Amino acid sequence: MRLLSRRITYKPLSADTGQTGLQSQRSVFFVIVLLLLLSLTAACSSTSHMAGPLTAFSSATGDAAIATRAGIETLQNADLDKSAYNASKNSSLNEDLFPFFLSTGDVYQRLLVLDALSMYASRMKQLAGTDKLGDINRNFADLKTSLDSAAASIKKVSGVKNQLPEGVFEVLTGIGQVIVNLHVADIREKTISTALEKTDPFITRACELIASEYSGPHGLFYDQLQASYRTLQLSADDDFKSSSNAQAKLKVSREYGLLLKKKRLGLSLFDSIANSYLKIAGAHNAMLLQARDNIQSDDALNSLNAQIEYTKFIYSQLGK
Amino acid sequence: MSYDPYFVLSDFADELWNLYQNTMLTQPKDSEQARSMYEALENIYLEPIRRSKARENTEKYRAVASELKDQTEYIDKQIRRIAEITENTRKISECAAIFDRVIATAAKFLVLL
Numbered sequence: 001m002r003l004l005s006r007r008i009t010y011k012p013l014s015a016d017t018g019q020t021g022l023q024s025q026r027s028v029f030f031v032i033v034l035l036l037l038l039s040l041t042a043a044c045s046s047t048s049h050m051a052g053p054l055t056a057f058s059s060a061t062g063d064a065a066i067a068t069r070a071g072i073e074t075l076q077n078a079d080l081d082k083s084a085y086n087a088s089k090n091s092s093l094n095e096d097l098f099p100f101f102l103s104t105g106d107v108y109q110r111l112l113v114l115d116a117l118s119m120y121a122s123r124m125k126q127l128a129g130t131d132k133l134g135d136i137n138r139n140f141a142d143l144k145t146s147l148d149s150a151a152a153s154i155k156k157v158s159g160v161k162n163q164l165p166e167g168v169f170e171v172l173t174g175i176g177q178v179i180v181n182l183h184v185a186d187i188r189e190k191t192i193s194t195a196l197e198k199t200d201p202f203i204t205r206a207c208e209l210i211a212s213e214y215s216g217p218h219g220l221f222y223d224q225l226q227a228s229y230r231t232l233q234l235s236a237d238d239d240f241k242s243s244s245n246a247q248a249k250l251k252v253s254r255e256y257g258l259l260l261k262k263k264r265l266g267l268s269l270f271d272s273i274a275n276s277y278l279k280i281a282g283a284h285n286a287m288l289l290q291a292r293d294n295i296q297s298d299d300a301l302n303s304l305n306a307q308i309e310y311t312k313f314i315y316s317q318l319g320k
Numbered sequence: 001m002s003y004d005p006y007f008v009l010s011d012f013a014d015e016l017w018n019l020y021q022n023t024m025l026t027q028p029k030d031s032e033q034a035r036s037m038y039e040a041l042e043n044i045y046l047e048p049i050r051r052s053k054a055r056e057n058t059e060k061y062r063a064v065a066s067e068l069k070d071q072t073e074y075i076d077k078q079i080r081r082i083a084e085i086t087e088n089t090r091k092i093s094e095c096a097a098i099f100d101r102v103i104a105t106a107a108k109f110l111v112l113l
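Protein chains in written order, with our numbering: chain A, 1 to 320; chain B, 1 to 113.
Treat the hints with caution; some may be incorrect.
[Stated by the list, open to error] With the C-beta cut set under 7 Å, the calculated list includes, among others, these residues of chain A facing chain B:
hint	residue
1	L93
2	S158
3	I187
4	A246
[To be verified] Just some of the chain B residues that point at chain A, by a computed CB distance under 10 Å:
hint	residue
5	Y3
6	K29
7	D30
8	Q33
9	R35
10	M37
11	Y38
12	E39
13	E42
14	I49
15	K53
16	A54
17	A65
18	D100
19	R101
20	A106
Simulated from the structure, these hints should not be mistaken for lab results. The model shown is predicted, which means the values in this text are computed figures rather than measured ones. By construction, the Cβ of each residue, glycine as well, lies at the ideal position given by its N, Cα and C atoms.
Just need the whole structure built from these sequences, with the hints factored in.
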């Protein structure tokens, strides 16, 4: 019995030892490959390193566009009031007395540029922050599960053991996943870099153009708004002089004060819009340097953010 | 920039406006004269110049908007390209799932037999 039991225990032991050795060799190989794949997967993060700056840029561009639209509306309203005052000096009214400063086409083209800037910034943010790698990884995980399950079914039916080494699908799908991830990350980073480089001159041109109209003194819109409010001040001054009693003078005086407040806020908004766009151009250029030469764009983006916050504050005051 | 007639005239208009404001109480006649000159300069010269410059800028805006649109289209194309790759991996994963179901069903039949 002892001999038999020795024999019985000896043979399987020797066979098991051989198989375990082979399996452990495979396992070590797969662990090494998996670690390599994991490190490669980690290298291509789910979002671009430009995601943060591009998100901040997109948000600033959107806020600047809102303030600029409000600026155009302010300009048009003041222009209308000015025309109304000038027209009131005549004995009758006609269309020529209301020569609107901006035509519908003028406004339309300016709004198109604001939209184009916002759209561009939004798409860049989308591209940098797109978590497609997460979807791809999920798809590869599903693929691995399906292949493992299919292999198990085949093994069950055929009864053949060790047809495929354990973990082979994990390694194969892992290799596929890494290749696709690297390819997608490469497309994304190259597109961001190329778009920043190609678009930079147009962003600069658009921003400088907008800034040239809103900056004070002597930006076209700045001066036009100032002239409109000055005309309204002249009108209030005339009303004040022609007022017969103290009560009427007080009323006109109060209106004059409110007019001055609106004028100062309006001009401050215009100047702030101009500065915002100059900083948008600066931030875009800084992001280009970050994408190309890895020079951080934080300072330019912080400066832009501060300017946008100031613009938003003035804009909020304008409605009060 | 300082030689642009518009800037020179605008500076002059600002001076006239300040004169009108600052002499209103002490020298009313001078103030009225400054106001009259300011209004003439503003309405006859400056506003028409601004209007004309705004029209010129509209054409510049048109060109810039077109360029920005082209760049955005390029980015859109790349976003679509990435989406297509993702979609392809999803399709492969789906095919494998179908393959797995077919194999599992076939296995069940074979076991029964």
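List, from low to high, the hint numbers that the structure doesn't satisfy. 1, 2, 4, 5, 6, 7, 8, 10
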